[in-house]
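Chemist: When you get a sec, could you build the whole thing from the sequences and use the hints?
Now for the letters of each chain:
Protein chains: 2
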Amino acid sequence: MIPVAEAQARILAKLRPVGTETVSLAEAWGRVLADPVLARRTQPPGDVSAMDGYALRAADAGPWTVIGSAPAGHPFAGSVGPDQTVRVFTGSLIPEDADAVVIQEDADQDGDVLTVREAPRLRAHIRPGGGDFREGERLLEAGTVLGARAIGLVAAANCPWVAVRRRPRVAILATGDEIALPGDPVGPGGIVSSNAHALAALTRSAGATPVVLPIARDSAEVIAATADQLGGIDLLVTTGGASVGEHDLIQEGLGARGFALDFWQIAMRPGKPLLFGELAGTPVLGLPGNPVSALVCGVLFLLPAIARLSGQRNGGLPVETATLAVPVKANDHRADHLRARLERDSAGALLATPFERQDSSLLRLLAEAQALVLRPPHAPPAPAGTPVPIIRLDGGLL
Amino acid sequence: MIPVAEAQARILAKLRPVGTETVSLAEAWGRVLADPVLARRTQPPGDVSAMDGYALRAADAGPWTVIGSAPAGHPFAGSVGPDQTVRVFTGSLIPEDADAVVIQEDADQDGDVLTVREAPRLRAHIRPGGGDFREGERLLEAGTVLGARAIGLVAAANCPWVAVRRRPRVAILATGDEIALPGDPVGPGGIVSSNAHALAALTRSAGATPVVLPIARDSAEVIAATADQLGGIDLLVTTGGASVGEHDLIQEGLGARGFALDFWQIAMRPGKPLLFGELAGTPVLGLPGNPVSALVCGVLFLLPAIARLSGQRNGGLPVETATLAVPVKANDHRADHLRARLERDSAGALLATPFERQDSSLLRLLAEAQALVLRPPHAPPAPAGTPVPIIRLDGGLL
Numbered sequence: 001m002i003p004v005a006e007a008q009a010r011i012l013a014k015l016r017p018v019g020t021e022t023v024s025l026a027e028a029w030g031r032v033l034a035d036p037v038l039a040r041r042t043q044p045p046g047d048v049s050a051m052d053g054y055a056l057r058a059a060d061a062g063p064w065t066v067i068g069s070a071p072a073g074h075p076f077a078g079s080v081g082p083d084q085t086v087r088v089f090t091g092s093l094i095p096e097d098a099d100a101v102v103i104q105e106d107a108d109q110d111g112d113v114l115t116v117r118e119a120p121r122l123r124a125h126i127r128p129g130g131g132d133f134r135e136g137e138r139l140l141e142a143g144t145v146l147g148a149r150a151i152g153l154v155a156a157a158n159c160p161w162v163a164v165r166r167r168p169r170v171a172i173l174a175t176g177d178e179i180a181l182p183g184d185p186v187g188p189g190g191i192v193s194s195n196a197h198a199l200a201a202l203t204r205s206a207g208a209t210p211v212v213l214p215i216a217r218d219s220a221e222v223i224a225a226t227a228d229q230l231g232g233i234d235l236l237v238t239t240g241g242a243s244v245g246e247h248d249l250i251q252e253g254l255g256a257r258g259f260a261l262d263f264w265q266i267a268m269r270p271g272k273p274l275l276f277g278e279l280a281g282t283p284v285l286g287l288p289g290n291p292v293s294a295l296v297c298g299v300l301f302l303l304p305a306i307a308r309l310s311g312q313r314n315g316g317l318p319v320e321t322a323t324l325a326v327p328v329k330a331n332d333h334r335a336d337h338l339r340a341r342l343e344r345d346s347a348g349a350l351l352a353t354p355f356e357r358q359d360s361s362l363l364r365l366l367a368e369a370q371a372l373v374l375r376p377p378h379a380p381p382a383p384a385g386t387p388v389p390i391i392r393l394d395g396g397l398l
Numbered sequence: 001m002i003p004v005a006e007a008q009a010r011i012l013a014k015l016r017p018v019g020t021e022t023v024s025l026a027e028a029w030g031r032v033l034a035d036p037v038l039a040r041r042t043q044p045p046g047d048v049s050a051m052d053g054y055a056l057r058a059a060d061a062g063p064w065t066v067i068g069s070a071p072a073g074h075p076f077a078g079s080v081g082p083d084q085t086v087r088v089f090t091g092s093l094i095p096e097d098a099d100a101v102v103i104q105e106d107a108d109q110d111g112d113v114l115t116v117r118e119a120p121r122l123r124a125h126i127r128p129g130g131g132d133f134r135e136g137e138r139l140l141e142a143g144t145v146l147g148a149r150a151i152g153l154v155a156a157a158n159c160p161w162v163a164v165r166r167r168p169r170v171a172i173l174a175t176g177d178e179i180a181l182p183g184d185p186v187g188p189g190g191i192v193s194s195n196a197h198a199l200a201a202l203t204r205s206a207g208a209t210p211v212v213l214p215i216a217r218d219s220a221e222v223i224a225a226t227a228d229q230l231g232g233i234d235l236l237v238t239t240g241g242a243s244v245g246e247h248d249l250i251q252e253g254l255g256a257r258g259f260a261l262d263f264w265q266i267a268m269r270p271g272k273p274l275l276f277g278e279l280a281g282t283p284v285l286g287l288p289g290n291p292v293s294a295l296v297c298g299v300l301f302l303l304p305a306i307a308r309l310s311g312q313r314n315g316g317l318p319v320e321t322a323t324l325a326v327p328v329k330a331n332d333h334r335a336d337h338l339r340a341r342l343e344r345d346s347a348g349a350l351l352a353t354p355f356e357r358q359d360s361s362l363l364r365l366l367a368e369a370q371a372l373v374l375r376p377p378h379a380p381p382a383p384a385g386t387p388v389p390i391i392r393l394d395g396g397l398l
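Here the protein sequences come in this chain order: A and B.
Under our numbering, the first residue of the first sequence carries the number 1, and numbering increases by one thereafter.
Under our numbering, the first residue of the second sequence carries the number 1, and numbering increases by one thereafter.
Source of the hints: derived by calculation from the structure; they are not laboratory data.
These numbers come from a predicted model, not from an experiment.
Glycine included, each C-beta is placed from N, C-alpha and C at the ideal position.
Among the hints, erroneous ones may be present.
[Said to hold, decoys possible] So these bits of chain A aren't anywhere near chain B, every CB distance computed over 10 Å:
#1 Q8
#2 V18
#3 V23
#4 V113
#5 R123
#6 E178
#7 G190
#8 A220
#9 E221
#10 G255
#11 G258
#12 L279
#13 R313
#14 L351
#15 A367
#16 P383
[As the list claims (entries may be wrong)] Label pairs and their in silico Cβ distance ranges:
#17 E27/B x H333/A: 34 to 44 Å
#18 P383/B x A9/A: 34 to 44 Å
#19 P327/B x G396/A: 45 to 55 Å
#20 A256/A x A59/B: 37 to 47 Å
#21 K14/B x P188/A: 47 to 57 Å
#22 Q229/A x K14/B: 52 to 62 Å
[As the list claims (entries may be wrong)] Covered by chain A, according to a simulated footprint, are these stretches of chain B (three or more residues, beta-carbon under 8 Å):
#23 69-82
#24 130-137
#25 142-152
#26 185-195
#27 331-343
Modeler: The structure is reproduced here in structure tokens:
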């Protein structure tokens, strides 16, 4: 059994970012930049007014003659002479030879004569050209996931197209004689398959495209035949068939097609039987069949794997810190991942309360959990009040 | 000018959840439940083994005769008599009359004879039927946003279809003579439109469908004509045209079509000129034209509005707490929203460092910000180390 961190590192070491495609800005939200974004213009393009008011020369004593108006998008064509002023608005280009703006609240216009209640100050209420960015500057790095604000920045930089990683394609293969798709007939002692579509949703949450394969019965031949039909897949995820019992069919079925095992069995709970390897150049991540184990392992191993495949600079879920609201007992040799509720204390700090029931068969409790409390191997008992590392599950549609 | 919280409350008070549609489980990720999900089966369906091992009667002394095997999905047909045992695997139904499982690591099978190294304990390694959920139980409430774990739970509950709110349709109308779409010709003093597509992305991040309207020139007639063509829209968002200057065209243009103003001008920075009202039954949210103001107001007002329209139980972004890494000065009468970087101290607590430059024209800094530090009106100076409310921007593809 290998430690969680080693397994994560060995998975990431084998994965390379997928190829690049060009998408329009309108479709780029949530995608990962394959190249940096460089500004194609200077913003603001010149000195502009920060307020609605009057552009004039700060050295003048006034009163001023209003010689024109420059609404945003309609710059004043001439220049501003002594004791002359031009009406400007937020974002208006400052007319030539003006060097100050008096805001309208501090000015009185009577016909074309302007007087001010406060003497103009040089450069007041003027935003310098290029204050946000200049043409050619690197605004976003490759590997950035494009959120709404980044989309705005790319637009302002005048880039209608962006080069992004294509969405990795993740095939999901659930195995087991006992499982049936929701709504399909379920045999005696059977259960409804929940892993395939939960992992498909997890795959979507990471920005990849899931391909849900038909359920494979517990037969090495069926699993091998499924492998023969894979095409255009960046990662094959299996669930079930990897236990320590007699039903270790994934290795047998894929082994018949040349599967090369990297490792299996991780010192963790829930989810010991996890395998990783490669099948004819396609990485294979074998998750446990137990739904809670499959999803916890999905968070720990599949999310970072997809982040790597899609070229993200920072992949996976960050480890944060919370305070234990209740004591937890000492841990054994396997890293534990306690399903927990989160609250905030009066100072706003996160409080984690692990559920009393931590049995890995309880999918309902996993769905209610807001965090995983990470308990390293051989962690000593921890009283209430102990700070503990957590992975939050309450965002990102996990 | 009204306070931020009052504006938020008045917006939410006018919005009602949109209608319902049925989607397949495979398409339900990220959607909002319109009805509760009830379990259609009991999970596990009966007592099952929690481990790979042997099912037997705890009162027996052994050795035992192995009379069969019950892989998951293939229950043992008979019952278990005295000194008899059946091979079981994780998830196997416990055969009739067996009441304990001995795990395989504690047992030795020689031919069909089983001996154990540890005496069986009654109910050991048996998961009771219904331990996760029972048929008819309410598993998820209406208003739940379906993440990956919830999708797994819905599947396990044997529900192939779910009733969800349809995605709200949010029309986005950018106005201004000075703006051009990315890649289109930009006039002198013009700028590239960033608000429409940034707000469209923000709309997507909240699970709604954006409809980006053509840019409206600064003309009340054009804006009125746009309003005439709206159809099937749950919320109209405008940007620009709402300033205190001469260019307050949204009210004029929409007013010609019966726009009823609820409020405008909010005591906040960035983003004072925000309007809200109703146009022929469609709510209208008028955001500032300044890109930073538009996006900050989008986070504060548009995200909760979409959450309400889509029937979410908990809408908008939570306010969390961070510690100031640097001092900030006293605030004036407008609530401020300082763009800030987040780090973690050695104990894992969040540290917020507001950027030195807070000018609302700096879209690049907004894109780099990881949080908004909330400064209430008239907040006194705050030294480094002060806990402050923040809204995190570093998740959810904002």
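Chemist: Provide an ascending list of the numbers of those earlier hints which the structure does not satisfy.
Modeler: 6, 7, 15, 19 and 27
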